[in-house]
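We have chain G already, so just place chain A on it with the hints.
Chains as they are written, first to last, in the numbering used here: chain G, 1 to 252; chain A, 1 to 252.
Since the hints were made in silico from the structure, they are not lab data.
Nothing false has been slipped in among the hints.
Pairs count within a copy or across copies, as identical chains cannot be separated in the list.
With a straight-line cut-off of 30 Å between C-alpha atoms, the simulated DSS-like cross-links for lysine-lysine are:
| id | residue 1 | residue 2 |
| --- | --- | --- |
| 1 | K110 | K68 |
| 2 | K110 | K183 |
| 3 | K219 | K195 |
| 4 | K200 | K221 |
| 5 | K221 | K161 |
| 6 | K196 | K221 |
| 7 | K195 | K183 |
| 8 | K183 | K200 |
| 9 | K68 | K43 |
| 10 | K195 | K161 |
| 11 | K196 | K219 |
| 12 | K203 | K221 |
Here the structure is a predicted model, which means the values were calculated and not measured.
There are 2 protein chains.
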Amino acid sequence: MAGPDGLSLESVRNSLIRQEDTIIFSLIERSRYPICPLLYDDKSSLIADASGSLLESIVKGTEATQAKFGRYQSPEEHPFFPENLPESLVPPRSSPNVLHPAAASININKMIWDMYTNQLLQLFASEGDAEDYACIGVCDLQCLQALSRRIHYGKFVAEVKFRDAPEDYTQAIRAQDRDALMKLLTFENVEEMVKKRVAKKAKTFGQEVTLSEDEYNGKYKVDPAIVSRLYEEWVMPLTKHVQVEYLLRRLD
Amino acid sequence: MAGPDGLSLESVRNSLIRQEDTIIFSLIERSRYPICPLLYDDKSSLIADASGSLLESIVKGTEATQAKFGRYQSPEEHPFFPENLPESLVPPRSSPNVLHPAAASININKMIWDMYTNQLLQLFASEGDAEDYACIGVCDLQCLQALSRRIHYGKFVAEVKFRDAPEDYTQAIRAQDRDALMKLLTFENVEEMVKKRVAKKAKTFGQEVTLSEDEYNGKYKVDPAIVSRLYEEWVMPLTKHVQVEYLLRRLD
Numbered sequence: 001m002a003g004p005d006g007l008s009l010e011s012v013r014n015s016l017i018r019q020e021d022t023i024i025f026s027l028i029e030r031s032r033y034p035i036c037p038l039l040y041d042d043k044s045s046l047i048a049d050a051s052g053s054l055l056e057s058i059v060k061g062t063e064a065t066q067a068k069f070g071r072y073q074s075p076e077e078h079p080f081f082p083e084n085l086p087e088s089l090v091p092p093r094s095s096p097n098v099l100h101p102a103a104a105s106i107n108i109n110k111m112i113w114d115m116y117t118n119q120l121l122q123l124f125a126s127e128g129d130a131e132d133y134a135c136i137g138v139c140d141l142q143c144l145q146a147l148s149r150r151i152h153y154g155k156f157v158a159e160v161k162f163r164d165a166p167e168d169y170t171q172a173i174r175a176q177d178r179d180a181l182m183k184l185l186t187f188e189n190v191e192e193m194v195k196k197r198v199a200k201k202a203k204t205f206g207q208e209v210t211l212s213e214d215e216y217n218g219k220y221k222v223d224p225a226i227v228s229r230l231y232e233e234w235v236m237p238l239t240k241h242v243q244v245e246y247l248l249r250r251l252d
Numbered sequence: 001m002a003g004p005d006g007l008s009l010e011s012v013r014n015s016l017i018r019q020e021d022t023i024i025f026s027l028i029e030r031s032r033y034p035i036c037p038l039l040y041d042d043k044s045s046l047i048a049d050a051s052g053s054l055l056e057s058i059v060k061g062t063e064a065t066q067a068k069f070g071r072y073q074s075p076e077e078h079p080f081f082p083e084n085l086p087e088s089l090v091p092p093r094s095s096p097n098v099l100h101p102a103a104a105s106i107n108i109n110k111m112i113w114d115m116y117t118n119q120l121l122q123l124f125a126s127e128g129d130a131e132d133y134a135c136i137g138v139c140d141l142q143c144l145q146a147l148s149r150r151i152h153y154g155k156f157v158a159e160v161k162f163r164d165a166p167e168d169y170t171q172a173i174r175a176q177d178r179d180a181l182m183k184l185l186t187f188e189n190v191e192e193m194v195k196k197r198v199a200k201k202a203k204t205f206g207q208e209v210t211l212s213e214d215e216y217n218g219k220y221k222v223d224p225a226i227v228s229r230l231y232e233e234w235v236m237p238l239t240k241h242v243q244v245e246y247l248l249r250r251l252d
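Next comes chain G alone, as it looks inside the complex (with noise of 0.2 Å):
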């Protein structure tokens, strides 16, 4: 059932789930060039005087812009590099926050970022170089805006779980148990659906369409094993962590 502000499980369901798609999409996209380590080796040799790699700073001015344009007003949005960020053109969001305030206080972007580029990044693009830089950069951004949206939806599912039994929460809130809350959020049979519909998607999305009738036998863009993976050791885990910071904040 929703709430007066519209937050209700289905909605934030089927939402985990389109946000399946776009994870996948973002994915394919950036299989279609190599690693291109250029790109995240702090000392650049690209760029005279640079500070960091050339990928931050591709998102540092992304995020620049969209933040003009208001994008993290939205509670589903988090910047990866927050600081010097310019203030939004745009009038406020008009749309109920149906998050507890604490939330804004919880951004795992380093996480995320850190799990992107040294471990996630080698399991799906193919070894080599390309000078494609900026095109590459933006394919990672969407990669990473795709996962960071996601794994912070964790605050609303947080928010619809507490609100759907906030006595199940309390007692471990107030004794700020960590485990405890993770026990409760924890449903490995729901776990198990998730990777098995995300790598259906990724063999579904990810296969060479052609005008053939005969059933699809070739390879995927990006392997579907990778995707279940991709979500039992960090897209679930991580969620699960932002959930838990979110409790424990709950009732502030």
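Chain A alone, transformed into the frame defined by chain G:
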């Protein structure tokens, strides 16, 4: 057979096919949001002292960042607002430019912008407003860039066709005969096949993937007939327009 610079009919064809996926992914992503007319309003009431639409400001800001990192050094990429773009900070590309130098003077992004914002968008996005201006603008830019890359890829298509049969084209080029060139470039059976394939891709990528084994018979995120029509009415004719423009200058 590939030329010494790596250009071949097969590499061009593979790129065109791959770009279909990118275009359809970007349309599906944009379809998450309603049209949001405020983004396209030339006298945007959202930002004081704005010149042009909100989308224009978002695209200009993003293109400036991407220009700094060399996006427009690639002969595949064309800015929507080429005026006042910052210089690239990354070294010039080392890969050979396979196109005739006259290619650089062809940019029909104004036509693509007009087609997208005034016609295509209304066909696949639902009516209504939303406050996610930055996110929607980014989706628009993804669509615009994917369409622009695909349509301007006509330069490569024309180059490979010219190299394959220079004698067929030379007479029409010397006579600056657009109609004869258009005739040489048009293969109706190929165009029919492309229209069918992109519709099939829209079905495949735009379905709701579930763990059910049943054949999907729900709604698609973007109507496959619209994607077919996009190719028939705009992508293929505009690509041929680029091809003709390129060939007219090919012997300069």
